[in-house]
Amino acid sequence: MGEVIGLLFLLGLCVAIVVLLPAAGLWWLVKWFKSQNYRWTAVVVQVLLAGFVIFWILLIYSFYFLFDGELKDEFVRITALPFPESGEIIRGDESGLDPHGNYIVCARIKVSTDDYTLILKKLRADSAFRPTHMATDSSFVSSKEFQYATQSIKPSDYVYSFARGQVNVDAYTFVGFLHDRCTIVIYRCST
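The numbering of the sequence shown is my numbering, which starts it at 951 and goes up by one.
Some clues are possibly wrong.
[Said to hold, decoys possible] Here are the simulated DSSO-like pairs of lysine-lysine, each with C-alpha atoms no more than 30 Å apart in a straight line:
id	residue 1	residue 2
1	K1071	K1104
2	K1060	K1022
3	K1022	K1072
4	K1094	K1060
5	K1094	K1072
6	K1060	K1104
7	K1104	K1072
8	K1104	K1094
9	K1022	K1094
10	K1060	K1072
11	K1071	K1022
12	K1071	K1060
13	K1072	K981
[As the list claims (entries may be wrong)] Cβ-Cβ distance ranges computed for the label pairs, FRET-style:
id	residue 1	residue 2	range
14	E1020	G975	27 to 35 Å
15	G962	F1017	21 to 29 Å
16	I1004	W978	17 to 25 Å
17	V965	L1068	55 to 63 Å
Hint data in this document are derived by calculation from the structure and do not stem from the laboratory.
Built from N, CA and C at the ideal position, the CB exists for glycine as well.
All chains should be built: construct the whole structure from the sequences, respecting the hints.
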């Protein structure tokens, strides 16, 4: 328990040094410039302060919430195909890096029937992917990220599925195609 408290204290100290001290310094500069009647300089410093705060808010936000662009990049990384123009991210989640360097990402993507057929055709022809079956190759299904992205999808809903790598070893990717002919599920686990 003492280690956790020490780690939280260290994390709080880092936040104070990296975020709060510069923000307080900029705020002090604004007050000082105003007291010296350097109004325009004070405005410039206020803009810098606002930019600094916005930068940190966006940085922290990006750690907790995925942007669609990140999931589109994962689609390209997993399938080696461009993200389809008709593609729309329905749900997605990522684990972020854990202390061991593991990273998991999963997304449910809706595409047009034509794009669905084209992607399926290309993955069938890609020798890097092997056909797989959810019932026999599915230990990853219990991951929090997979559960979140595939809510209400049962293993029987997959009509085609492909995998690359081995579950629990190195890197594993999965691409599943649902019966509706417009939904694709992508999953990647890297260690």
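Checklist entry - Is it true that the CA of K1104 sits at most 30 Å from the CA of K1094? => result Holds, at about 15 Å.
Next on the checklist: I want to verify a distance hint. Is the separation of the beta carbons of E1020 and G975 within 27 to 35 Å?
Outcome noted: holds (33 Å)
Checklist entry - Would the pair K1022 and K1094 pass a check requiring their Cα atoms to be no farther apart than 30 Å? => result Cα-Cα ~20 Å, so holds.
Checklist entry - Are K1071 and K1022 close enough, with their CA atoms no more than 30 Å apart? => result Roughly 20 Å separates the two Cα atoms, so the pair holds.
Item to check | CB-CB spacing for F1017 and G962 relative to the 21 to 29 Å hint | outcome: The hinted range 21 to 29 Å holds for G962 and F1017, with Cβ atoms some 27 Å apart.
Checklist entry - Within a Cα-Cα threshold of 30 Å, do K1094 and K1072 meet the stated pairing? => result This hinted pair holds, its Cα atoms lying about 29 Å apart.
Next on the checklist: Hinted pair, alpha-carbon criterion (30 Å max): K1060, K1022. Please report holds or violated.
Outcome noted: holds (12 Å)
Next on the checklist: Just to be careful, I want the Cα atoms of K1094 and K1060 compared with a cutoff of 30 Å; is the pair within it?
Outcome noted: holds (21 Å)
Next on the checklist: If I claimed the Cβ atoms of V965 and L1068 lie 55 to 63 Å apart, would that claim hold in this structure?
Outcome noted: Because 47 Å falls outside the window, the suggested range is violated.
Checklist entry - Straight-line Cα separation of K1071 and K1060 no greater than 30 Å? => result holds (17 Å)
Checklist entry - Given the proposed pairing of K1060 with K1104, does the C-alpha separation stay at or below 30 Å? => result holds (17 Å)
Item to check | K1060 paired with K1072 [C-alpha distance capped at 30 Å] | outcome: holds (17 Å)
When held up to the earlier numbered hints, the structure conflicts with 13 and 17 and fits the remainder.
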